[in-house]
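K.L.:
Letter by letter, the chains look like this.
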Amino acid sequence: MQSSELRTRILEYIAYLAASARNSIEEPHIYGSFRLIDAISRLINLLKYIPSVKEDSFLEELKKFIDAKKYVMMFNTQEYLAFLDEVVLKVVRELKKQTK
Amino acid sequence: MDLFEAIYGRRSIRLFKGDEVNDEKIIKILDAGRWAPSGGNIQPWRYIVVKDKNIIKLIKMFSPGMFSEPPVLIVICSDKKEAFERGGVLGRDYLSIVDCAMAAQNMMLAAYALGLGTCVIKSFNSKAIREILEIPNHVEPELIIALGYPAEKPTPPPRKPLSDITFLNRYQKRWEKVAK
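Line order of the protein sequences matches chains B and P. Reminder that position 22 of the first sequence reads as 22 in my numbering, one-by-one numbering, no gaps. Reminder that position 114 of the second sequence reads as 114 in my numbering, one-by-one numbering, no gaps.
Source of the hints: derived by calculation from the structure; they are not laboratory data. The beta carbon of each residue, even a glycine, is placed where N, CA and C say it ideally should be. Since no wrong hints were added, every one of them can be taken at face value.
Below, simulated SDA-like cross-link-like pairs (lysine to any residue); rule was C-alpha separation at most 20 Å, straight line:
(1) P:Lys53 with B:Ala15
(2) P:Lys160 with P:Tyr8
(3) B:Lys70 with P:Pro154
(4) B:Lys70 with B:Ile30
Distance ranges between label pairs, derived from CB positions:
(5) P:Tyr8 with B:Lys48: 38 to 44 Å
(6) P:Val178 with B:Leu81: 29 to 35 Å
(7) B:Leu11 with P:Ser126: 17 to 23 Å
(8) P:Gly115 with B:Ala21: 33 to 39 Å
(9) B:Ser57 with P:His138: 51 to 57 Å
(10) B:Asp85 with P:Tyr8: 33 to 39 Å
(11) B:Pro28 with P:Gly40: 26 to 32 Å
(12) B:Thr99 with P:Met1: 56 to 62 Å
(13) B:Ser57 with P:Lys51: 33 to 39 Å
(14) B:Lys48 with P:Glu134: 30 to 36 Å
(15) P:Pro157 with B:Ile37: 15 to 21 Å
(16) P:Glu134 with B:Leu11: 16 to 22 Å
(17) B:Phe58 with P:Lys25: 40 to 46 Å
(18) B:Glu94 with P:Lys127: 36 to 42 Å
Construct the entire structure; sequences and hints are all you get.
P.N.:
And the structure:
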């Protein structure tokens with residue numbers, strides 16, 4: 001059974017996803033991508049409230065990287081695409097480590 | 001503060017200090033909005049000031065475009081009933097939104113002049129905001145202004161050159177005086 005704090009955080013996350021799902025119908029297409037990448041940051045933040053999840057330096061760094069770079073979406077599409085590629089690569093490299 | 005200093009210096013602030021904003025400043029900002037132009041002088045704008053931390057938290061949950069919890073939110077709404085009665089379809093569907101946008105800009109410049117930061121937000125779920133703030137059906141939440149003391153100093157975003165967006169006398173006829 002999760003704590004009420006955790007339940008609230010999960011509901012917050014669901015609220016963000018549900019509002020994004022609804023709003024993205026009318027918002028600029030690129031916002032859909034932005035909401036997804038922002039959702040990763042929020043998901044990593046959510047993990048802090050799950051007692052059984054240990055601190056994870058990779059996830060913390062990934063969150064910092066996303067939060068520092070995500071707003072480039074509004075100014076420079078090429079830079080934003082490069083940033084998205086970099087996020088994917090960071091995750092691939094991390095997963096690859098686990099297969100070795 | 002010089003008006004142009006405010007126009008060029010204002011940035012969208014997405015990170016705020018926790019410091020409280022005093023009511024006098026909030027009221028001054030709201031009053032600056034009240035003096036924005038209004039189509040047909042209908043003034044369909046309605047302001048909901050939100051200072052309750054729990055309500056701000058709840059609004060943020062349904063506002064993907066809000067990235068932190070500022071100490072104050074100003075929810076700018078338009079009264080569509082009044083806008084239609086006095087301004088017809090044009091008043092309801094167009095002028096009421098434009099009026100709220102002009103009021104928002106006045107408020108954001110006023111806030112900047114008072115040392116405060118703002119960010120105007122449209123990415124929120126209207127139905128959720130309506131439910132949270134008990135807004136009646138004939139009133140539409142148009143924009144939310146996040147307000148507080150800035151905890152960041154964003155670099156200016158790029159702007160299109162004036163020469164790319166300005167014409168003289170006819171569309172697409174460049175105005176030579178507007179430098180690149």
